[in-house]
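Residue numbers (the numbering used here), protein chains in the order written: chain A, 1 to 234; chain B, 235 to 529.
For the record, the hints were derived by calculation from the structure and aren't laboratory data.
Among the hints, erroneous ones may be present.
Simulated coverage check for chain A against chain B, where a stretch passes if three residues somewhere in it have a Cβ under 8 angstroms from a Cβ of chain B [claimed, not checked]:
(1) 48-55
(2) 63-76
(3) 158-170
Just so you know, even glycine gets a beta-carbon here, dropped at the ideal spot from N, CA and C.
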Amino acid sequence: MAEIRLQVSALEGWYGESHVLHGVTFDVKRGEVVTLLGRNGAGKTSTLRALAGVMRKRRGSALLDGHDLLSTPPHRVAHLGLGFVPEERGIFSSLTVRENLMLPPVVRQGGWSVDAIHELFPNLKGRDTTTGTRLSGGEQQMLAIARILRTGCDIILLDEPTEGLAPVIVEQIGKALVRLKEKGFTVLLVEQNLNFARGVADRHYVVEQGRVVDEFANDSLSASMDQLNRYLGI
Amino acid sequence: MTELFGVPLAVLSGQVMIGLINGSFYALLSLGLAIIFGLLNVINFAHGAFYMVGAFVSWGLLTYAGVGYWPSLVLTPLIVGAFGAVFERTMLRRLYGLDHLFSLLLTFGLALALEGVFRWIYGAGGKSYPVPPSLQGVYNLGFMMLPVYRAWVIVASLAICLVAWVLIEKTPLGARLRAATENPKLVTAFGINVPLMLTLTYAAGVGLAGLAGAMAAPIYQVSPNMGSSLIVIVFAVVVIGGMGSIMGSIVTGLMLGVLEGLTKVFFPTASAITVFIVMILVLLLRPAGLFGKDK
Ligand SMILES: Nc1ncnc2c1ncn2[C@@H]1O[C@H](COP(=O)(O)OP(=O)(O)O)[C@@H](O)[C@H]1O
Ligand SMILES: [Mg+2]
Chain A
1 MAEIRLQVSA LEGWYGESHV LHGVTFDVKR GEVVTLLGRN GAGKTSTLRA LAGVMRKRRG
61 SALLDGHDLL STPPHRVAHL GLGFVPEERG IFSSLTVREN LMLPPVVRQG GWSVDAIHEL
121 FPNLKGRDTT TGTRLSGGEQ QMLAIARILR TGCDIILLDE PTEGLAPVIV EQIGKALVRL
181 KEKGFTVLLV EQNLNFARGV ADRHYVVEQG RVVDEFANDS LSASMDQLNR YLGI
Chain B
235 MTELFGVPLA VLSGQVMIGL INGSFYALLS LGLAIIFGLL NVINFAHGAF YMVGAFVSWG
295 LLTYAGVGYW PSLVLTPLIV GAFGAVFERT MLRRLYGLDH LFSLLLTFGL ALALEGVFRW
355 IYGAGGKSYP VPPSLQGVYN LGFMMLPVYR AWVIVASLAI CLVAWVLIEK TPLGARLRAA
415 TENPKLVTAF GINVPLMLTL TYAAGVGLAG LAGAMAAPIY QVSPNMGSSL IVIVFAVVVI
475 GGMGSIMGSI VTGLMLGVLE GLTKVFFPTA SAITVFIVMI LVLLLRPAGL FGKDK
């Protein structure tokens, strides 16, 4: 049994006065790809934000390799090896593609070289001087993942990487994810696209109204399809 | 005598030169304001006061410690910047996230307090700072006489502005600054200490004002109100250039300095309000400023 890297228990979170996470509990083991599924507004993005330190008002516990994420200053979280790819991708419009790629500081050894990144995402090759937000949506998503790989982080929070993208691009991103998994990355993935999620994930958690309400192993997903569809309202 | 539009060339070029000098200081100060506003979202009303403090620090270094002009060009921005850093850490920081108005009032209060303290100690009168020996003398350009020190101020300010621009627009450090301006939370999540960056940026911005003060000391009288008379114009420059635009503040600063100088030649009574007329026009026609991006 692989060790647990991320252990989240009874995590609560607020945007100002608005209480949106009501006790999220799940774990992610080393080398796993785990998804958070759930309807719009369930609290998936908020969960990632709470873990990455973007959401500041939190309660409960979240341990990464035994380090308490909730008491870690927000600019130190990345240095624990956690890379965050936000839902809105967060490509900076005042930075070139190259500057976007080089922005996050290297937090530990083992980060990818620019060459290795270009091999994974050939679309980014030769675009160095382009303004970041001039890239297509798919390319921005690749850039958002690529810049995290450079830092040497080994656990990635990935929020809806396929949202609004054409099938060919989705396929490319799926392949990249499989490559990352092979390389030993641990991934917490938020995804609405169930087909995509099934292709890459080991386990799935269902989030509903700010809580984790169920869990499925990827192997047993076919048998639980009815149940899952009911959760997702499909 | 050569004339242009009925004005002797020497008079015209003399006013353009004065305009360039003033414009250099407008540029240096509005540059710092723009950097601070861009990242901290603070309208730093104390900017003129820091400029005044810079002039006094330079004057004090010479008068009390015998530290000359050149070392003071290094020491003054460091001292003023350090003071700014302490102010940011202990007071200004508490107001982030609140309405602009609060930080504006705080920095306005600081400006009044600094001015008051210096007036209390040194009186309202001006102190003069000698032009450093290495920069004394005059260039004879044929059509006009150009004091060496003034030429130096124009060249040095331009160089400083250019370096600041390159630093912000072309280096990794500048990329972090621009990114933090756009989305500080994400930049923090990437492992960058944004609060520290805010402190250093504020320190750099007011350090720049201090440097401008040190450079201004041999030209203008060093007096407690030298900042407040300048800051109003500098704010107009920032508004005209476009809030937060670095190149905008540099170009606008110089341009308006020259424009002001030219108005003195052709329409002397209007020279004091030229900048504000331009500001009104820009606000009416292009509210984001000449170089600003519409949001
Ligand atoms: N910035 C915000 N401020 C206040 N409420 C928010 C904010 N972002 C999301 N919410 C609310 O928090 C809840 C969870 O949203 P979110 O985590 O984005 O859901 P999901 O990612 O699962 O679609 C929703 O009710 C949403 O309206
Ligand atoms: Mg979401």
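Violations among the numbered hints: Of the numbered hints given earlier, the structure breaks just one, which is hint 3.
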